[in-house]
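Model the full structure from these sequences, guided by the hints.
These protein sequence lines map, in sequence, to chains A and B.
Quick note: the first sequence uses my numbering, first residue 39, plus one each step.
Quick note: the second sequence uses my numbering, first residue 28, plus one each step.
Hints were generated in silico from the structure; no laboratory data involved.
Every residue, glycine too, gets a C-beta built ideally from N, C-alpha and C.
Treat the hints loosely; a few may be bogus.
[As the list claims (entries may be wrong)] Pulled from the structure, derived: some chain A residues nowhere near chain B, Cβ distances all over 10 Å:
hint, residue
1, R126
2, T166
3, N212
4, L216
5, G322
[To be verified] List of simulated lysine-lysine pairs, DSBU-like, C-alpha gap at most 35 Å:
hint, chain 1, residue 1, chain 2, residue 2
6, B, K248, A, K286
7, A, K239, A, K43
8, B, K248, A, K289
9, B, K248, A, K177
10, A, K232, A, K331
11, A, K331, B, K281
12, A, K170, B, K146
13, B, K146, A, K108
14, A, K196, B, K144
15, A, K286, A, K170
16, A, K108, A, K196
17, B, K248, A, K170
18, A, K108, A, K84
19, A, K196, B, K143
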Amino acid sequence: MTLDKRMSAADVVAQLSDGMTIGIGGWATRRKPMALVREIARSNLKDLTIVAGFGGPEIGLLAAAGKIKKLVFAFCTLDQIALDPHFRASRQAGAYEVLELDEGMFHWGLRAAAMNLPFLPSRAGVGTDIIKQSSFEFKTVTSPYEDGEELVAMPAIKVDVALIHAHRSDERGNILTLSDDPLFDELLVRASAKSFVSVEKVVSTAELDMRNNGRFNLVDRCFVNGVVELPFGAHPTSANPDYQLDLKHIKTYCDSAASPEAWEEYRQTYVAVDQDTYVANVGGADAINALPKPIY
Amino acid sequence: MSEVDFSLAELVIVACAEAFRDDGEVMVTGIGPLPRIGAGLAKLTFNPALQSTDGECWYTSEPVSLGKRPLPEAEGLCTYARVFDTLWSGRRHAMVTPVQIDRYGQANISVIGDHKKPKAAMLGARGFPGNSISHPNSFFMPNHNKRSFVDGEVDFVCMAGYNPARYLNGKPPMGLDYRIVVTNLCVMDFGGPDRQMRVISLHPGVTFDEVQENTGFELAKIGDNIPETPAPTAEQLSLIAQLDPHNVRATVFKENPSGRRK
Chain A
39 MTLDKRMSAA
49 DVVAQLSDGM
59 TIGIGGWATR
69 RKPMALVREI
79 ARSNLKDLTI
89 VAGFGGPEIG
99 LLAAAGKIKK
109 LVFAFCTLDQ
119 IALDPHFRAS
129 RQAGAYEVLE
139 LDEGMFHWGL
149 RAAAMNLPFL
159 PSRAGVGTDI
169 IKQSSFEFKT
179 VTSPYEDGEE
189 LVAMPAIKVD
199 VALIHAHRSD
209 ERGNILTLSD
219 DPLFDELLVR
229 ASAKSFVSVE
239 KVVSTAELDM
249 RNNGRFNLVD
259 RCFVNGVVEL
269 PFGAHPTSAN
279 PDYQLDLKHI
289 KTYCDSAASP
299 EAWEEYRQTY
309 VAVDQDTYVA
319 NVGGADAINA
329 LPKPIY
Chain B
28 MSEVDFSLAE
38 LVIVACAEAF
48 RDDGEVMVTG
58 IGPLPRIGAG
68 LAKLTFNPAL
78 QSTDGECWYT
88 SEPVSLGKRP
98 LPEAEGLCTY
108 ARVFDTLWSG
118 RRHAMVTPVQ
128 IDRYGQANIS
138 VIGDHKKPKA
148 AMLGARGFPG
158 NSISHPNSFF
168 MPNHNKRSFV
178 DGEVDFVCMA
188 GYNPARYLNG
198 KPPMGLDYRI
208 VVTNLCVMDF
218 GGPDRQMRVI
228 SLHPGVTFDE
238 VQENTGFELA
248 KIGDNIPETP
258 APTAEQLSLI
268 AQLDPHNVRA
278 TVFKENPSGR
288 RK
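Right under this line is the structure:
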């Protein structure tokens with residue numbers, strides 16, 4: 039018997055249920071598992087708690103699709119386009135409850151969950167409105183040592199299902215994330231009861247060349263419940279070095295916030311379609327492969 | 028000495044650079060064109076030990092210029108995780124531009140209005156809460172007015188400030204260290220009584236009264252005769268042009284005014 043964790047995007051969504059807490063990896067416009075996010079957006083799922091500390095277009099997309107009951111985040115940005123109009127509209131409508139965190143507190147919360155600890159002490163948050171939100175009653179802890187400092191007890195952020203995007207995997211769920219920056223995908227996976235990973239390409243274990251690529255292997259396969267081969271699965275965000283951010287499509291996405299009709303047209307063309315049709319509708323594989331590296 | 032022409036943006040860049048003069052060897056983060064050019068200028072002149080980044084995940088040997096450029100030489104890794112590991116040590120100085128700041132230095136980039144249903148939703152707190160209590164921070168505020176420098180407290184406190192009402196155990200948060208505030212009118216620090224914001228230099232042609240009128244709270248001044256913000260030197264202007272070859276700095280202030288107000 040062989041270990042084969044390959045599945046489809048629909049198989050992943052079939053594992054989700056209403057009211058679940060779903061964590062989304064990546065950072066703003068980098069390595070967001072957008073094909074899986076679109077699969078959620080076109081599903082019947084509802085009342086989701088979305089844990090997206092380093093939020094990008096997944097937040098606005100899921101908000102526009104009416105999927106979010108609660109959002110746990112530190113920011114939402116499209117980077118070059120600082121503010122996502124879908125995110126803004128949904129926040130300004132009070133469409134869902136929010137727990138806004140400092141970026142560091144967010145990953146501290148994931149780390150606590152990953153370590154099976156109830157909380158970790160954090161200085162971040164002290165003196166701010168982050169610890170005075172009605173959506174969570176933050177408590178403090180006092181250092182039992184001589185310093186006696188009072189710190190915020192950042193609670194573990196426990197996630198039901200993590201979704202991340204990586205570059206390669208084998209069928210057993212050994213993954214490679216080839217970008218220069220691994221971001222915090224590893225912690226999100228470790229904080230989650232289950233994790234599903236969309237990858238650009240499923241290859242043989244030999245082709246992973248793990249002895250040379252070990253540093254790109256973010257997490258042990260016992261944390262990976264399924265891998266989905268979804269070429270360009272991060273588009274319109276980047277999966278550097280395989281392909282870059284599609285700023286033009288990000289603009290198209292932003293423009294769809296202009297009116298309900300504009301959103302419906304975007305939804306029909308880019309959300310209510312399978313990944314192959316999506317890739318064709320955004321200009322095709324060659325166009326995505328030719329995207330230039332953005333300048334910061 | 029002959030007078031060199033310079034823009035308000037260039038005056039501000041030089042004022043921003045001063046924030047980093049005595050930092051020694053720390054990560055420097057200038058968010059937005061003018062703080063970024065200012066940080067680069069500091070590194071190219073009086074503080075070569077500064078560790079600049081490319082905004083992605085590398086430390087660079089030279090400050091990265093704005094816009095299209097050759098690939099800069101990387102001198103070290105600066106992944107997202109490493110930014111936190113380093114900032115928590117205090118070895119970083121950031122210059123940021125919040126939407127609102129108050130008398131305590133508390134600053135906001137999250138929302139205008141009620142947090143649950145904001146009038147205007149912005150980015151979210153980002154790493155500002157942690158930055159504010161971990162390492163030195165300075166500010167660049169392009170529009171010195173009462174909407175930016177607010178009466179009372181900011182709408183959502185993302186950066187902690189010198190506000191005893193919010194201290195835990197009656198002590199200011201360890202690591203809270205606000206340096207300077209550069210605006211389109213003046214430069215301030217937090218050196219007034221009880222950490223009151225204090226005008227330390229006025230841009231050419233600006234009066235203290237004008238600054239006060241455009242601020243939602245009472246300001247201190249460094250003395251009866253407030254110095255003028257130093258004009259850029261010819262060498263500084265040439266380095267600024269090198270750091271900003273596509274002249275992004277000319278787009279920061281409306282109509283790119285002169286640094287010497289008529």
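Status of the hints after comparison with the structure:
no.: 1; hint: R126; result: violated, 5 Å
no.: 2; hint: T166; result: violated, 5 Å
no.: 3; hint: N212; result: holds, 22 Å
no.: 4; hint: L216; result: holds, 13 Å
no.: 5; hint: G322; result: holds, 26 Å
no.: 6; hint: B:K248 <-> A:K286; result: violated, 49 Å
no.: 7; hint: A:K239 <-> A:K43; result: holds, 14 Å
no.: 8; hint: B:K248 <-> A:K289; result: violated, 46 Å
no.: 9; hint: B:K248 <-> A:K177; result: violated, 39 Å
no.: 10; hint: A:K232 <-> A:K331; result: holds, 33 Å
no.: 11; hint: A:K331 <-> B:K281; result: holds, 30 Å
no.: 12; hint: A:K170 <-> B:K146; result: holds, 19 Å
no.: 13; hint: B:K146 <-> A:K108; result: holds, 19 Å
no.: 14; hint: A:K196 <-> B:K144; result: holds, 26 Å
no.: 15; hint: A:K286 <-> A:K170; result: violated, 39 Å
no.: 16; hint: A:K108 <-> A:K196; result: holds, 14 Å
no.: 17; hint: B:K248 <-> A:K170; result: holds, 34 Å
no.: 18; hint: A:K108 <-> A:K84; result: holds, 11 Å
no.: 19; hint: A:K196 <-> B:K143; result: holds, 23 Å
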